[in-house]
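Student: So you can see what is in the structure, the chains are spelled out below.
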Amino acid sequence: MQNSAINRNGLHPPSLTPLSNIHKAKSYDTLRSQAGFGNRVPYPNAYLQEIEKLNREILDSQPKDILQFCANFFARRLELERTELLYTHSIDRKMSGTTFPGRMGANSNPFGAPEKERKTSGIMKVMEEDENDSVASPATSNFSFGGGAPTFTSSFGGDAAGPPSSFKPASTEGFPAHYGMGRRTSVSAESLNPTASANDNWSPPFHPKSADQISRLKKSIEGNFLFSHLDDEQSSQILGALVEKPIPAKDIKVITQGDQGDFFYVVEKGSFDVYVNSTGEIQPGSDGLGTKVATIDAGGSFGELALMYNAPRAATVISAEPSCTLWALDRITFRRILMDSTFQRRRLYESFLEEVPLLSTLTKYERSKIADALETQKFPEGTTIIQEGDVGEAFYLLESGEAEAFKNGTSNPVKHYHKGDYFGELALLDDKPRQASVISKTEVKVATLGKDGFQRLLGPVASIMRRTKYETGVEEIDPLHQK
Amino acid sequence: MKSVSRMATTVIHKASHPLSSSSSSSASANTNTNLPAPNRNHNSEMETSTTTTARSAQQEKEFVAHYANKTRSLKTEEIQEDKRNKALGHSSKRLSVKDFELVRTLGTGTFARVWLVRLANASEEDRDKVFALKVLRKVEVIKLKQVDHVNHERSVLADVAGHPFITTLITSFSDHDSLYMLLDYCPGGEVFSYLRKAKRFDENTARFYAAEIVLIIEFLHEKEGVAYRDLKPENLLLDADGHIKLKRRMNDMGLGAELIGKIGETYTLCGTPEYLAPEVIQSKGHTTAVDWWALGILIYEFITGYPPFWNSNPIEIYKQIVSRSVHFPQEPYISSEAKDIILQFCTVDRSKRLGNISGGAARVKSHAFFKGVQWDEVYYRKYRGPIIPPVRYPGDTQCFDQYPDEKAGREPYNDELKRKWEHHFEDF
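Line order of the protein sequences matches chains R and D.
Quick note: the first sequence uses full-length UniProt numbering, first residue 1, plus one each step.
Quick note: the second sequence uses full-length UniProt numbering, first residue 1, plus one each step.
Honestly, I wouldn't trust all of these hints.
[Claimed, not checked] DSSO-like, lysine-lysine: derived pairs with alpha carbons at most 30 Å apart:
id	chain 1	residue 1	chain 2	residue 2
1	R	LYS432	D	LYS418
2	R	LYS378	D	LYS371
3	R	LYS219	D	LYS319
4	D	LYS98	D	LYS143
5	D	LYS319	D	LYS352
6	R	LYS53	D	LYS61
7	D	LYS352	D	LYS371
8	D	LYS352	R	LYS451
9	R	LYS419	R	LYS407
10	R	LYS218	D	LYS284
11	D	LYS143	D	LYS93
12	R	LYS378	D	LYS284
13	R	LYS292	R	LYS378
14	D	LYS339	R	LYS451
Simulated from the structure, these hints should not be mistaken for laboratory data.
Only chain D is shown next, with the shape it has when bound in the complex (with noise of 0.2 Å):
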C-alpha cells in the first residue's frame, strides 16, 4: 500500500498529478481502466468539439472559480442568490476530469473517491481556488446497484446547493467512466477528530454545532421533505471559519444507504448504531422524526464525549434504545437545559419527541437551550466558530487522512454495459 506523500500538504503547487504517477507505478494499468482519467474515447469527443463548446466550457469554469469567490465572504445575500437562480448545482455538459488537477485523495469508500482538485492551467489569481471532487465509477455503482441511489444523491444535493451548512454541489459532470460531483471543499475536516481530540465540549461549543444542526435540520424537513437519517460528529465537516457542513457520506463500506431519502416512504434501515432511533430498530415506519433523536444523540456525545446507548456488541446498543431511557453520568456538570433537550429528543413515543411535534423546529428553536441563540445570525453566520481549524493556505489538507492511490485494474465499463445503463446516468 503505496501512501499519497505528506508533499501535497505542503506546498500545493508543486503537487504532481496523482494519475499520472498511479498509472506509471502499475505496469499492468490499462489506460482505459484507469480513474479517472478520460478514457480515449472521450477524448476523441473532446478533439473534435466545436469552438462554441469549447467557450461554454471556458464561462463554465469562471462560474467555478466565481463560486470559489463567494466562499471566502460568504455574504447571506450570495447564498440566497444562488438559492433563487439556481446557479448551483447544474448537469454540466461542457466540464471535464481535464478542467482540474487533481491534488490528492481526501477520501475512498468502494465505488467513490473524493479528490482534493484545482482548476486546471488556473490563472494566478485562480491558483487556490481548491474544491472536492467526488468520482463515481459508473461499473462499480452499477454493480453495487447504486444507480438509483446516486441519481437521488445528485438531485437532493442539486436541491440543497447553497445553505450555508450543507456541503455545496457546484457542478456535475460525467465521462465516459465515471460520474463527477464537484462539491465545495471543508478544510476543517471532520468535528469527529476534534471532538475525539477535546475528549469533550463545553457546552458553549456544544450549543454553537447543535443551532447550525438545527437549522440544516428544519431546512431538510420542512423546506425540502427529506431527512438525513446519519447524522453523527463523522458526518460534520468544518469549514475555514468553523462552521459546520453537513458531509457528503462517501458510501463508506460500501453500504450504499441513501444520504438523503424522501421522507414519508421511508423504510430502509440506515443509519449509525449508536444514533438510531427506535422505531427504525423495531422497523415501524419511520418519518424525519429520526434526525431529532439522533440530535439528541449527538448533543449528548457532545458534552459527555460518547454517545447515551454504548456496548461493543451493536445488538446491546439496540437493547438498551428500545428499552430504557438516556441516564447522565455525574461527571462532567451537564445543565439542566442541556439535559432537558437531550430527553425530549430522544422521547420513544414520537407523538411527544421534540421537533415532531407541533411547531416543529420553531419549537426546538426556542427551548431554554438556545435561550439568547439570534438564529439569523446562526444562519448568516454571524457567530464564529468555537474551533477554528488550523488551516495555513486554502488547499491545506492536514486536517484529512491519507489515502493510499487507487487501486490499478480496475473492470472497465464496456459497450454492454454503456447500452444497458448510459441513459441512467443522462442527469449528470
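This is chain R alone, in the form it adopts within the complex (with noise of 0.2 Å):
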C-alpha cells in the first residue's frame, strides 16, 4: 500500500502519504527528530496523527482561510470519531448478530446469529425513507469525498438505514487516498477468436528495421509489464509489427485527451510534451490543454493502455520539436499476435500430451489445466537438462531441437528425441532416481513442469495412472466439452 500511495501522490513526501496509524507515527517521529526536537517529551501520538491528517488536507485543498479550514477540520474529526464509536459498535451489535459461531460448533451459524434471533431484533429491516438524503446515489460516480466536509452516518442495517440509494458518504478513514467510492466500469477488448486465425492464415505485419533500431526498440519496451514476459518469437514478432511515423512539425497532436486510444508508441527521435486537462478531456481555447506534466525523449513510449483495450486517452501528448519520428503499434494487432503464439503453443503442448502414455487416462480438460501450468524453457547445445542419478522432480516435452539420452558407462547415446518427444516423465510417479542423461543434441526447448505443480493441479499420478477406462466414467466428464 505504500508504494502504491507515494506513486498515485507523486508530489506529495512520503511521511504525508496516508500510511497505516503506526508508520504514520513512525515516520512523523522521524521528522521531529530531523527537525531538532531532540529529546523533548515527545507528543501524544493520537495528537501527532491528527497533525498530519490536518496536514495533509491542507496540501490537498490548499485553503485561503487557514484557521476556518482547520477549525472545520477538528470539529469534523470529532464528530467522526464519536459516530465511528457509536458505529463500530451498533455494527458488531447488529451487523454480525454474534460472534462468529462457526468456531463453536457444525451446528451454529457461521454467518452470524440463528435465524430466530434475527428476526425477532429487526433491527436488519428498516422502511425509513428520508427523501432529502437520496441526491448521492451510491451508484453514481461522481459523488464526492474530498473538498467539503463529509458527514458520517453510521448506518448499515442500523435505525437510520433506509433504501441504499439514501446514503452519505461514509468516512473514508483508512483507504488509499483518493480512492475512488464510485462504481467500476467493465472494460473489454474486441472479441477475437483463435480458431478462426489458424484458418484464415494471418501473419502479422512486418516492419523491417535496423540492427540498432531493433536494440533500441528492445530496450524502450524490455521494462514494460506489457511485454516484459514474452517469449523471443512473440518478441520479435511484435518489434517487426511497430511501423514508424514521421512527426514532421512542432505542436503536432500524437494523441488527444479524451480521444478513444488504438495505438501505442514508442519515441524513435525527437520529444513530446505530455499535457493533462483536469476535466478529463481536451478544452477549446489556448490553455484547453491543461497543464504540462512531463516530457518524453527517445527511448521514451506512451499509450500503453491502448494495448490492452479501448479506453479514453488520460493526456494529450504533442511533438515538441520539428522531424520527431515514432513507433506505432495497434491494440489488434499486438493482442492477435500474443493471441496467436500462446493459442498455438497451447495446442501444441496439448497434442504433446496426448502422446504421453503415462497420461493417457487424463481428461480433455485436465490435458489443457497442464498445457496451461507448462514452462517453456531453453538450452543450448550440450546441456545435461536431467542428470543421471538425481532424484526427478520434473518432466520434459521436447518442443523443438534434438536431444539424446545417455546411460553413465556407454558412450553412445540410448536414445534420440525428437520434436514432440518427452523424458523424465517417471518423474512424476516415484521419487527413484533418474535412470539416463538427457544431453540437448542441438539448441533446444523444451516445455516442462515440476512434479510438485502436476500434484497441486491433477492430484498424485499414481492414482491417475490407476483409472481405467471403465472405472473413469464420472472422471472422463470433462467439463467442458461434457454437452
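The two chains are supplied separately, each in an independent frame; assemble them into the complex guided by the hints.
Tutor: Take a look at the structure:
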C-alpha cells in the first residue's frame, strides 16, 4: 500500500501519504527528530496523527482561510470519532449478530446469529426513507469525498438505514488516498477468435528495421509489464510489427486526451510534451490542453493502455520539436500476435501430452490445465538437462531441437529425442533416481512441469494411472465438453 | 433530461405506462421507432393470430405468474425441479411486450434497457408479481456487433436458469424491433451500494456472500464449463431475502463483453481493472481460474472496503497486479483465515491458485475461512442474509437509481436490416 500511495501522490512527500497509523507515527517521529526536536518530551501519538491528517488535507485543499479550515477540520474529526465509536458498537451488534459461531461447532451459524433471533430483533429491516438523503446515490460515480466536509452516517442496516440510495458517503479513513468510491466500469477488448485465425493464415505485419533500431526498441519496451513476459518469438514479431510514423513538425497532437485510443507509441527521435486537462478531456481555447506534466524523449513510450482495450486517452501528447519519429503499434495486431502464439503453443502442448502414455487417462480438461501450467525453457547445445542418478523433479516435452539420452558407462546414446518426444516423465510417478542423462544435441526448447505443480493441479499421478476407461466413468466427464 | 418520477416507487398500482408518456412528450417520435412499443406490423400479426395461439399465450402468462409464486419461498425441490425439467429459460413465440406493464427503468446500457414490469391486466392475486424485463434493440445489437453475444448470453442464461444465486431467465421473446429477456427482479439492488454505505463488511457478512459466490463459481465452472469473468460488488444483486443474485451485465458503457464466456478458447480481455487476473492483463490465455482470482479481490474489498490493487490510473493498477502480492492494512483486523484464503486465490501461478488446483471448488469449501459452513444449507438458502434489503412491497425500487426516459427517434429496424439479420434472432 505504501508504494502505491506514493505513486499516486507523486507530488507529496512520503511521510504525508496515508500509511497505517503506526507508520504515520514513526515517520512523523523521524521528521521531528530531523527537525531538531530531539529529546524533548514527545507529543502524544494521537495528536501527531491528527496534525498529519490536517497537513495532508491542507496540502490537498490549499485553503485560503486557514483558521476556518482548521476549525472545520477538528470539528469534523470530533464528530467522526464519536460516530465511529457508536458505529463500531452498533455494527458489532447489528451486522454480525453474535461473534462468529462457526468456531463453536457444526450446528451453529457461521454467518452470525441463528435465524429466529435475527427475526425477532428486526433491526435489519428498515422502512424509513429520507428523501433528502437521496441526492447522492451510491450508484453514481461522481459523489464526492474530497473537498467539503463529509458527514459520517453510521447506518448500515442500522436505525437510519433506508435504501442504499439514501446514502451519505462514509468516512474514507484508512482508505487509499483519493480512492474512487464510484461504480467501476467493465472494460473489454475486441473479441478475437483464435480458431478462426488459424484458418485465415493471418500473419503479423512486418516492417524491416536496422539492428540498431531493433536494439533501441527492445530497450524501450523491455521494462514494460505488457512486454516483459513475452518470449523471443513474440518479441520479434512485435518488434517487426511496429511501424514508423514520422511527425514532421512541432505542435502536432499525436494523441488527444479523451479520444479513444488504439495505438501505443515509442519515441525514436525527438521529444514530446504531455498535457493533462483536469476535466478529463481537451478543451477549446489556448489553455485547453491543461497542464504540462511530462516530456518524453527518445527511448520513451506512451499510450500503452490502448494495447489492452479501447479507453479514453488520459493525456494529450504533442510533438515538442520538428521532425520527430515514432514507432506505432495497434491493439489488434498486438493482441493477435499474443493470442495466436499462446493459442498455438497451447494446442501444441495438448497434442504432445496426448502422446504420453503415462498421462493417457487424463481428460481433455485436465490436459488443458497441464498445458496451461507448462513452462518453456531453452538450453544451448550440449546442456545436461537431466542427470542420471539425480532425484527426478520435473518432466519435459521437447518442443524444438534434438536431445540424446546417455547411460553411465556407455559412450553411445541409448535414445534420441525429436520434436514432440518427452522424457523424465517417471519423475511424476515416484522418487526414483533418473535412469539416464539427457543432453541437448542442438539448441533445444522444452516445455516443463515439476512434479509439485502436476500434483497440485491433478493430484498424485499414481492414482491417475490407476484409472482405466472402465472405472473412469465419472472422471471422464469433461466440464468443458460435456454438452 | 427528464427522469422518471418517484411516483413509481411509492404506489406501483398508480404508475402510468412509461411508454405512453415518453412517446407523447416527444413531438418527433415515430411510433415505429419508439422502443419497446410493438411495431404496427407486429400488432396486426397479433390480431390475426388464431385462438389456439391466444390460449397458449395465456398459458405462458400463467407460467410466468406461477414462477413468481415460487420465488416467494424458493424451495429446494422447486429449484431442482425447474432445473431438471428446464421449464425456465425457454424462448416463447407467444408472449409479447403487450403482456407486460412497464413500470420503470431499472438500468440502461447502449443497446439494452431493463424495465421493472408486471403482468398486464393481471388478476388481483397476480398484481404484485414483478419482473425485470431486459429489452435489447435489434438495430443497436447489430450496429455494435453484438448479435453473437446476445444469442450466447441468452443460451447461457437459459442453461443456468434455476440456480439459486444466478438471475433467472424465466423466458425470452421478440418482436419486430426488439429482443426481450424476462428475468426475476432483485429488489435489493447491488451489494456494491451496501458495501460503500457500510464502508466495509465484517467477516461474517463477507463469508456469507463469499460462500454463495463459491457455489455460483463451482456451478459455472464444474457443471456448465463457463467462466463469469466480471466478478465485483457491482455485479451482485440482493434479492428480497438478502441472498446473492449474480447480475445480468447490462452491457454498461456499451463495451459489449461476453457476460459469461465458454472457457477453453477465452482470449478476449474483459473484466474490471481492479479485478483482472495477471494472466488476463498479460494476454497469456486465460481459463476459469480468473474467477477465483477475482473472488480473492472481492473478499479483500468486502473486508477492507477497497480492493488490494488500486490507483486512479489503470496502468498503475495493472503494474501492481503483475508485480506484487496482496498487502493487508493494519486496520481493520483481518483474521488469518481470511488473509490466507485471499492470498491463495490471488496467487499469480495458476498451478498454485486455490480453486484451480486439484480438488477445485471442493477444496475452496474446505478452507478454514469457511469452517463451520454447511454448504447444503447455503445452497438451499437456509442461512439468513446478513443484510435484509429495505423492501416495502414487491415492486419497490428504492434500492435502484432513477434513469431518464429513453430518447425518441431511434434508428428503425428496416426491411434491409431485417432481411440480413432476422434469422440470427430466431432463438429469442
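Student: For each hint, tell me whether it holds in the structure or not.
Tutor: How the hints compare with the structure:
{"no.": "1", "hint": "R:LYS432 with D:LYS418", "verdict": "violated (68 Å)"}
{"no.": "2", "hint": "R:LYS378 with D:LYS371", "verdict": "violated (45 Å)"}
{"no.": "3", "hint": "R:LYS219 with D:LYS319", "verdict": "holds (18 Å)"}
{"no.": "4", "hint": "D:LYS98 with D:LYS143", "verdict": "holds (26 Å)"}
{"no.": "5", "hint": "D:LYS319 with D:LYS352", "verdict": "holds (21 Å)"}
{"no.": "6", "hint": "R:LYS53 with D:LYS61", "verdict": "violated (60 Å)"}
{"no.": "7", "hint": "D:LYS352 with D:LYS371", "verdict": "holds (21 Å)"}
{"no.": "8", "hint": "D:LYS352 with R:LYS451", "verdict": "holds (13 Å)"}
{"no.": "9", "hint": "R:LYS419 with R:LYS407", "verdict": "holds (21 Å)"}
{"no.": "10", "hint": "R:LYS218 with D:LYS284", "verdict": "holds (20 Å)"}
{"no.": "11", "hint": "D:LYS143 with D:LYS93", "verdict": "holds (25 Å)"}
{"no.": "12", "hint": "R:LYS378 with D:LYS284", "verdict": "holds (19 Å)"}
{"no.": "13", "hint": "R:LYS292 with R:LYS378", "verdict": "violated (45 Å)"}
{"no.": "14", "hint": "D:LYS339 with R:LYS451", "verdict": "holds (27 Å)"}
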